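2 protein chains.
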Amino acid sequence: MAITAWKSLANTKRQSTLDAIPEKWRIQEPIPSASELRDVTGPYIQKFLNPREIEITELDAYAIAEKTTTGEWTAVEVTEAFCHRAALAHQLVNCLHEIFFDAAIEDAKRLDAYFADHKKPLGPLHGLPISLKDQFHVKGVETTMGYVGWIGTFQGLKDDPRSRVFESELVRELRNLGAVLYCKTSVPSTLMCGETVNNIITYTNNPKNRLLACGGSSGGEGALIALKGSPGGFGTDIGGSVRIPAVFNGLFGIRPSAGRIPYEGAANSMDGQNTILSVIGPLAGTARSLQLLFKAVLGQQPWLYDPLVHEIPWRGEIEQETRALVEQSAKDPSKLAFAIMKHDGIVKPHPPIARALDMVEKTLEQLGHKVIEWTPPSHKTGVELANAAYNFDGGADVQYHFGISGEQPAPQLLVASGLPQKSASDIARVNVAKREYQKLYMEYWNSTSELTGTGRPVDAVICPAAPHAAVIPTQYTHVGYTSVINVLDYSSVVIPVTTVDKNVDLNVPREYLGELDEQSYKNYDADVYDGAPAGVQMFGRRLQEEKMLVLAEYVGSAVSSR
Amino acid sequence: MAITAWKSLANTKRQSTLDAIPEKWRIQEPIPSASELRDVTGPYIQKFLNPREIEITELDAYAIAEKTTTGEWTAVEVTEAFCHRAALAHQLVNCLHEIFFDAAIEDAKRLDAYFADHKKPLGPLHGLPISLKDQFHVKGVETTMGYVGWIGTFQGLKDDPRSRVFESELVRELRNLGAVLYCKTSVPSTLMCGETVNNIITYTNNPKNRLLACGGSSGGEGALIALKGSPGGFGTDIGGSVRIPAVFNGLFGIRPSAGRIPYEGAANSMDGQNTILSVIGPLAGTARSLQLLFKAVLGQQPWLYDPLVHEIPWRGEIEQETRALVEQSAKDPSKLAFAIMKHDGIVKPHPPIARALDMVEKTLEQLGHKVIEWTPPSHKTGVELANAAYNFDGGADVQYHFGISGEQPAPQLLVASGLPQKSASDIARVNVAKREYQKLYMEYWNSTSELTGTGRPVDAVICPAAPHAAVIPTQYTHVGYTSVINVLDYSSVVIPVTTVDKNVDLNVPREYLGELDEQSYKNYDADVYDGAPAGVQMFGRRLQEEKMLVLAEYVGSAVSSR
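Residue numbers (the numbering used here), protein chains in the order written: chain A, 832 to 1393; chain B, 832 to 1393.
Be aware that one or more of the hints could be misleading.
Since the list can't tell identical chains apart, any single copy or any two copies may satisfy a pair.
Using 30 Å as the maximum straight-line C-alpha spacing, the simulated DSS-like pairs for lysine-lysine come out as follows [to be verified]: (1) Lys1353 x Lys1126; (2) Lys989 x Lys1270; (3) Lys1126 x Lys1270; (4) Lys970 x Lys1270; (5) Lys1211 x Lys1126; (6) Lys838 x Lys898; (7) Lys1333 x Lys855; (8) Lys1193 x Lys1211; (9) Lys989 x Lys1211.
Think of the hints as simulated: they come from the structure by calculation, not from any bench. In this text, all values refer to a predicted model and were calculated from it rather than measured experimentally.
Chain A extracted, bound-state conformation:
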């Protein structure tokens, strides 16, 4: 009986999301199965769009904002095009939790009227559609965060006056900036998963290869943006949840250090665990679009509205310094130095990721940069610290939220149950160990100034974002490549590099670092992975977002132009 009740609730919610798609935008023809047609981006989704819609939706956020903030394109036309394409995307890969196209078009009309009246845009994101992970509260719609028990509630609370009225701080700022909000994207319930699965939307597939995962927890964002149903959106990251879906979908995505983008008023998992804070970061098709979004939010002075945001405005001087280094390095490449870590000593990457790393390394070396080998303090220690923090409450928070409806969690979610809560002294010990690890890593970073030839430590470090390309469902076993960065609180960007090629990325036997490495490598199947995006992670020190965004643009464009 109980099972029927939650299933029925989930089914109704799923149907109501589909019902929010206008009749005219529904796909009438049968959608080929994933084995018939892996990739539904590009030509497949374009079939359902007119040329003007394709023209609009295939520009990046940066280029769209250039047109919408100058009045060249109207907010309404752009919004309608993205609503249409997002509707198609959802029908292809189940990437949306909430659809509010009507409200978006009303907002777009107001923006057009504003432009007509004032002859200037409302803000730097005027008329730009922005998608949001389903942790952000937006008036008029729900936030379920993938929990059946949250349907019809506010974060699980019945009859809460904030329901469908309250907006998260970032949402308020995006509206101030002129962005148009039109949909919220799918997440795995708990948010602690590298795939996107829940009982409401079921499963979000990777649009480049629907046999594979879109990543998680900001998986709906990754899938939607890859299908160009959104030019950019905001996800959250406590262990890789922005970077994993970005890299799995061939996108750029940034995990900023804590304290830059306002989390205030967003729903979260295990809220109040403050050893490793979840952070918000944008995902988009280009690095310059990430910069646009990141810089725009900082322009709203979020530190006046979110007590956890540091008063650090967009530092144009760091941006300019970095751009100058990039420009100078065309003549004198010794101005910039990188490090590369081919594996973390725990799990070596699959062949496509190893190849992507080699491509980046060769590109940088061909450009003349010094690329040193990164031999940092043990990443195993970092992984253990991350896992300790994620498990402080022994699963109490997520068990509680699953328990509201009595729903059955998907097997990927690895939900802890009945484990003891850690005590204050236990947590304090982890906090001290984490700080000591951060200090050790910092000292290692400082020590590289002896090796770079620039007189400074390395400017950025390149490593895998995951051991594999967009993963085969249920086979994500090692999130350490991303989670260690959360322990360090470093600024990290993922950069798309290539796609898996089954004819190149061969499954050749090799020795294993250990059991986890063996398991991971045995899961590599070149045929299934074929066509999946493969990228890398590039990280900088804490609070180095301006620098990392400029370098991501440089490295990304250098790699893609080879």
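For chain A, the structure is supplied; the task is to place chain B on it using the hints.
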């Protein structure tokens, strides 16, 4: 037997500190009792100094650095003068845990040689003696933090290789800056106390009125600087531990927001509790000296050496903007607006503090500034959050450290014992409640832009730092005036205003806010408090140290010139 052992250990340590004072600097005459002579600052301590020593030690840190960084005065002469005066101070009020004058004079010689060689100072603190609270590790000496069990160990660990070798990050930076380190000052064991008492130094008295407490936990700093045995030093503050001793001793002191001054490698109590982080801040006789010390440390780029420090250099633009507001306000005082909170709704201040607040209010109003009434969200909530965080581990950490020697804690220390540890979920709930409180307070702050006439919210808020002047021993019952600021993570400076005058600050009957207020007021004894320093606290938003330091200089000098 066991009691004898720890007492004997403590006595030996106490004696060894006294023995480190050169024979020539020992006070031979009997020191009058506190009831015979309350105030040992000024004429009394001067008796033991020659005119040149008095000339040197009675300048503020800023003025001394002007002379030592230009070569006008040698580091050795200045260091010797302060060593002498610190030795006297310790004999008068028990304010030192560690004395290392010989090492200091050696360091000073090296600095003088450096200046002679390079014709320039090593750094902005060249030749300036700086005292340190006994949480900072300095090579060659111990850190006991008031625990008998730490004698002969490294933070309680026997045979630890760091013992007498390791230096805290701030110590390293101070040496880089050219500061001369020569003594470490007394603290209450546990650090969680507004008085300074432990089994090693016994009790540190207030030098302005030895019947009273010097404050805590940076109490030795407060007492030493008040006696001008140090021109400035560094304390730490998790609930008021910089501000309380500063205000009790008629000094300036700043509690910066977390993440500005490096705590890395300093000993601490309940290390790893990260809901409310202890922070480091300087104490000194003038606001400009605080600025000098604060700015100098930031010049060392501590964010490259302490993973918890934010990359926020000294922001000259905020300093200049604030100075411009101050200068403009001479002509147009509507440029700056203040708020005043006469009491927190829990405990009203004693008459001398109420008078100090009135003096500041009148001064600001006479200067033409708008001073609005501060009616913030409940401070009771803030106090409860602070107390919750301080008690997460149920006393486990401090019990452990007392247990090493088996010593008996002083009654003021209110050491929890046998209380249950809080669980991860309990702690998470407090973290969420704290963030919500910070957000509420932030919104209230923002809302004052409607009232100030400057177009901005208030620039700073003035309130008590404690309900009383330098407190009568064992009568500190309400630390809420300072601890709420730690919950909010605001930048806060204390400003000396006046001294208690038993003929003015009369004990007149009044109504009580509640039991705690009644208890506090009944403890007011004008005769005993007579002569004690009475000051106020002035706080700004989070990370507004540059602004608060400039405003402290302005308000402090305005008040003292009336």
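Can you name, in rising order, the numbers of the hints this structure does not satisfy?
-> Hints 1, 5, 6, 7 not satisfied by this model.
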